[in-house]
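Full structure from sequences and hints, please.
What follows is each chain in one-letter form.
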Amino acid sequence: MITRLSAAEIAREIAARKVSAVEVAQACLGRIASLDEGYGCFLKVDADQTLAQARAAQAKIDSGEAGPLAGVPVAVKDNLSTEGLETTCASKILKGYVPPYDATVVSRLKAGGMPILGKTNLDEFAMGTSTENSAFQVTRNPWDPTRSPGGSSGGSAAAVCAEMAPLGLGSDTGGSIRQPAALCGVVGFKPTYGRCSRYGLVAFASSLDQIGPLARTVEDAALLAEVVTGHDPRDSTSLPDSTIRSDGLKKSSLKGVRFALPKELFSDSNEPGVLEQVQAAIETLRREGAAFGEVSMPSIVYGVTTYYIIAPAEASSNLARFDGVRYGPRAEEGAEHVGVVERTRAEGFGHEVKARIMIGTYALSAGYYDAYYLRAQQVRSRMRREMDAVFQGCDAILSPTSPVVAFKIGELSKDPLALKLLDYCTIPANLGGNPGVSLNCGFSGGLPVGLQLVGPAMADERLLQIAYSVEQALPEAHRRPPVP
Amino acid sequence: MPSYLASIGMEVHAELDTRSKMFCRCPVAFGGEPNTRVCPVCLGLPGSLPVPNRAATEMVLRTALALNCTIATNSVFHRKNYFYPDLPKGYQVSQYGETNPIGYAGWIDIPKADGSIKRVRIRRVHLEEDTGKLMHLPAGGSGVDFNRSGVPLMEIVTDFPPDIESAEEAKEYLVQLRSTLLYLGVCDGKMEEGSLRCEPNISVRPEGSAEYGTKTELKNLNSFRSVQLGVRYEIERQIAALGRGERIRQETRGWHEGREESFPMRTKEEENDYRYFPDPDLVPMAFDEAMRERARTSLPELPLAKARRYAEQSGLSAQDCALLTADQAWAEFFEQAVALGAPPKPVCNWMNSDFAKRLNEDGIGWKASKITPAHLVDLVKLIESDAISGKTAKEVFAESFESGEMPSAVVLAKGLVQISDRDQIEAAVREAIEANPASVAKYKSGQTGVAGFFVGQVMRATGGQANPGLVQEAVKAALEKV
Ligand SMILES: [Zn+2]
Chain A
1 MITRLSAAEI AREIAARKVS AVEVAQACLG RIASLDEGYG CFLKVDADQT LAQARAAQAK
61 IDSGEAGPLA GVPVAVKDNL STEGLETTCA SKILKGYVPP YDATVVSRLK AGGMPILGKT
121 NLDEFAMGTS TENSAFQVTR NPWDPTRSPG GSSGGSAAAV CAEMAPLGLG SDTGGSIRQP
181 AALCGVVGFK PTYGRCSRYG LVAFASSLDQ IGPLARTVED AALLAEVVTG HDPRDSTSLP
241 DSTIRSDGLK KSSLKGVRFA LPKELFSDSN EPGVLEQVQA AIETLRREGA AFGEVSMPSI
301 VYGVTTYYII APAEASSNLA RFDGVRYGPR AEEGAEHVGV VERTRAEGFG HEVKARIMIG
361 TYALSAGYYD AYYLRAQQVR SRMRREMDAV FQGCDAILSP TSPVVAFKIG ELSKDPLALK
421 LLDYCTIPAN LGGNPGVSLN CGFSGGLPVG LQLVGPAMAD ERLLQIAYSV EQALPEAHRR
481 PPVP
Chain B
1 MPSYLASIGM EVHAELDTRS KMFCRCPVAF GGEPNTRVCP VCLGLPGSLP VPNRAATEMV
61 LRTALALNCT IATNSVFHRK NYFYPDLPKG YQVSQYGETN PIGYAGWIDI PKADGSIKRV
121 RIRRVHLEED TGKLMHLPAG GSGVDFNRSG VPLMEIVTDF PPDIESAEEA KEYLVQLRST
181 LLYLGVCDGK MEEGSLRCEP NISVRPEGSA EYGTKTELKN LNSFRSVQLG VRYEIERQIA
241 ALGRGERIRQ ETRGWHEGRE ESFPMRTKEE ENDYRYFPDP DLVPMAFDEA MRERARTSLP
301 ELPLAKARRY AEQSGLSAQD CALLTADQAW AEFFEQAVAL GAPPKPVCNW MNSDFAKRLN
361 EDGIGWKASK ITPAHLVDLV KLIESDAISG KTAKEVFAES FESGEMPSAV VLAKGLVQIS
421 DRDQIEAAVR EAIEANPASV AKYKSGQTGV AGFFVGQVMR ATGGQANPGL VQEAVKAALE
481 KV
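Residue numbers (UniProt numbering), protein chains in the order written: chain A, 1 to 484; chain B, 1 to 482.
Everything labelled a hint here was simulated from the structure, so no lab data went into it. Glycine included, C-beta positions come from ideal geometry on N, C-alpha and C. One thing to keep in mind: the hints can contain errors.
Label-pair distances were calculated between CB atoms; the ranges are [said to hold, decoys possible]:
(1) Pro233(A) <-> Lys190(B): 30 to 40 Å
(2) Asp362(B) <-> Gly339(A): 44 to 54 Å
(3) Gly339(A) <-> Thr267(B): 17 to 27 Å
(4) Ser381(A) <-> Phe83(B): 24 to 34 Å
To be clear about the criterion: a stretch of chain B counts as covered by chain A if any three or more of its residues have a C-beta under 8 Å from a C-beta of chain A, and this derived list gives those stretches [unchecked claim]:
(5) 47-53
(6) 72-86
(7) 280-294
What follows is the structure, given as structure tokens:
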């Protein structure tokens, strides 16, 4: 079955003319049609558009001008702007909004001949870690449909996991690619801040957001990263010469690779099963020649707090544009502007989004700015310095990705604080702008356990090479979920 | 009643004369169909991102240097958060802070009526983006035109306590500032189209009081005249109110052009909390010494400096120099004419009278007219050499203005050369005297006024081309001799 193959394998099959881009797209669309009702990965599928893109891709392939992943379709998180395809951020406030332009990553997919399978579910405006905060539907974990796939890129992660899509795009503000990758047992990669253009990514927290791939292998993640990364003159925070090259991946040993283990991330806040699996993985890697050293990064304990000031502050401003004046549903015509905006936002935003807008508004208010926002930025700088110091002595920081395995849907939704604490392993890479990758290292109670590797800024290629070697060494990295 | 002192702070917004908007590639223009110069960025569509226009940044840097400002080494864009339908992102990208604006702590000199110079301190020169425009729809309801949204806007604010103390100074400040911006080529200065907007804030206090009065802000001023009238009105209104024992409300007032009075627009009951914070979508602008030096050397000679130089070099009056330098192209014309060898004073007189009048009538600048500096030099030389009279010169100029012919060519073609040949003139005078014995007799009887009659006769006989000064002399001499 073609949908079971990795993206690299599908690309090879297409290049060898064993299968066409259209047949691959049809196979994925077929699987979505038969399976997604049970998983709720996709908010929007437009088969006509997908097939048209697949035909265009095949034409490119036939004329020999196609990219390395031409014909391989991608599931795209619904906070990425897609021309002519509804983009809602899983929020009622954008219901019916059809963008007139493509995000840079989407244009790059199209230019690379990669059809878009549809728009995947997320926590509203990417605010959450369970994909339960969608205004439209709940997404289920293919390993156990009563459990959450994690979030906020849960739709893309679950779609890749359930083999409805060989590849997915997500966005990661505090772990939103890596955490669902961990909970679904797939690979999630967040590039260095600035290597992937944010143009067309509906902003949550601009200084933290980064787009990245979800895939079933490290190689696939690297291949997709190469397509979507690279300098973009439309994003001022985009770095020069930022394309991530994937052609250097080699089956090399881990001899001499040095990993730092921050003791703050191995505390008993982690479930025992998670710690066990990560420790077992460490032993396996040690046998392969890797070196480990325990380090301390004291400011990590302030990571979640810092994050929950900076991210909502930026969000409160980024989400101000949703006023019903230019797009999206507008509350019943009222007497004056203020009333219309108030009602539109009251009806359009979900509870979590409103909570974060209020927290962020408070943190930026006159008289509180210094105590909250400015202070948080200072902690952020300090954390960066600590991480830089750690990278003087190691190639990557290794830790669990998530302190828990996939939790029951609804289990944590009444405890927003507990949900937020789930991010503490992933947040430092966002605050520091570092690349981070999560891959599956084992199972606890039949559910995947994610291993996270974080590298120095701009060392994305090196990090992916290390992740690739780790993946080769871990026998459980590619176990399939119980999906037909 | 005590006498009052006025204090006026000036906040000026200048739309920068760039080809494209501040953060996107949409063109900058005036008028046109609503929402035809828009894109995802200036409409604030979800996911769009700003990319700063470097030309705009350089314009503000040059202006800040011309206004003697300190230049920030690192200048950050901030978000100013508030809700308004003409503000597509829910925030305006602007610059906040004392030492963060591209330029701060500068000054500009303005000439005072008595010929002395006054220095007005500038607090900040910063870069921001313009908003869209609300409009009432013919079918009822209102709409927003985003053509103006994202147009680069430079804000120039005077320092506190204010240096400007009268309506005249306020106007003069604006005149100097506008012509500086025009010299720098950063703004077209069209107040009536809103590309230069001025919002003065005005307060009065009793003489001797150390405390400043409550200020009001004035909007809708779209000409120099309305700035002067508006500020004067507001000063008088406040003084009268205080005289009646009333308090001045802190408020924004509009200026009613037709009625020439201000009216309350909104009171500032609560300060808006704009929640300024550095825009995470934009990286700080860095101005190193090399960049500042490059900008500094690119600055033109500014109007006031030019006017001073003209006064020193050519002895023209301050008034003349101010007129010549108000516009850079105009000053250029003057300099070119003088360089071609014409004496400055008559060139200046012709420029500021007939030439300026004709250009005004046609509503054009000299470059769009058919008159070049060479034309005016030619004309002045014809007058200086007595080849034509001043009266003829006006005709010749009018002809040249229409046709573009050189004045000397016009004179030749029309046979307008002035007769300055004494023999020829004296002969004509003799003829007139011989033909009018009765008038000669009147002269002899003491009615010397008839000399004018003889001058007229001679002028008529020579078709108006005789040099009138010489004719007068000759008539007088001849009558004495008879
Ligand atoms: Zn635009």
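Here is what the structure says about each hint:
no. : hint                                : verdict
1   : Pro233(A) <-> Lys190(B): 30 to 40 Å : holds, 32 Å
2   : Asp362(B) <-> Gly339(A): 44 to 54 Å : holds, 52 Å
3   : Gly339(A) <-> Thr267(B): 17 to 27 Å : holds, 21 Å
4   : Ser381(A) <-> Phe83(B): 24 to 34 Å  : holds, 32 Å
5   : 47-53                               : holds (count 6)
6   : 72-86                               : holds (count 5)
7   : 280-294                             : holds (count 4)
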